[in-house]
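Taking the hints into account, I'd like the entire structure generated from these sequences.
Okay, so the sequence shown: first residue is 75 according to my numbering, each after it adds one.
Please note that a few of the clues may not be correct.
Here are the simulated PhoX-like cross-link-like pairs (lysine-lysine), alpha carbons at most 25 Å apart as the crow flies [claimed, not checked]:
1) K152 to K101
2) K126 to K101
3) K138 to K116
4) K161 to K101
Just so you know, these hints were derived from the structure itself, not from any lab. Keep in mind that this is a model prediction, so the values were computed, not measured.
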Amino acid sequence: TSAINALDLEASVISAEATILSALKRKESRGAHQRSDYNQTKECEQINYRIKLDHENKLTITPKEIAPLTDNLQEIIKDTAIIRDFKNRLME
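If you want it as structure tokens, here you go:
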């Protein structure tokens, strides 16, 4: 129905705005997030940004420290082989 389509569109717009605000807040290049104006990784940006829709339907951004990896996850990473050749591998 048109009501469902309108709600889907509204959710898409909110999600897009949250993505843009987050990208503007992080003043560095990290992972898939690349900025030509801030092309270096910064130690002070070792955080996540939490974006929340407040009671007035405005998006607010707050920094959140990244929790250290558990011993179990550190072991998984240590035991994972590095892929150096991506030929004939599915990439998404």
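Each hint, compared with the structure:
no.	hint	result
1	K152 to K101	violated (30 Å)
2	K126 to K101	holds (20 Å)
3	K138 to K116	holds (16 Å)
4	K161 to K101	violated (33 Å)
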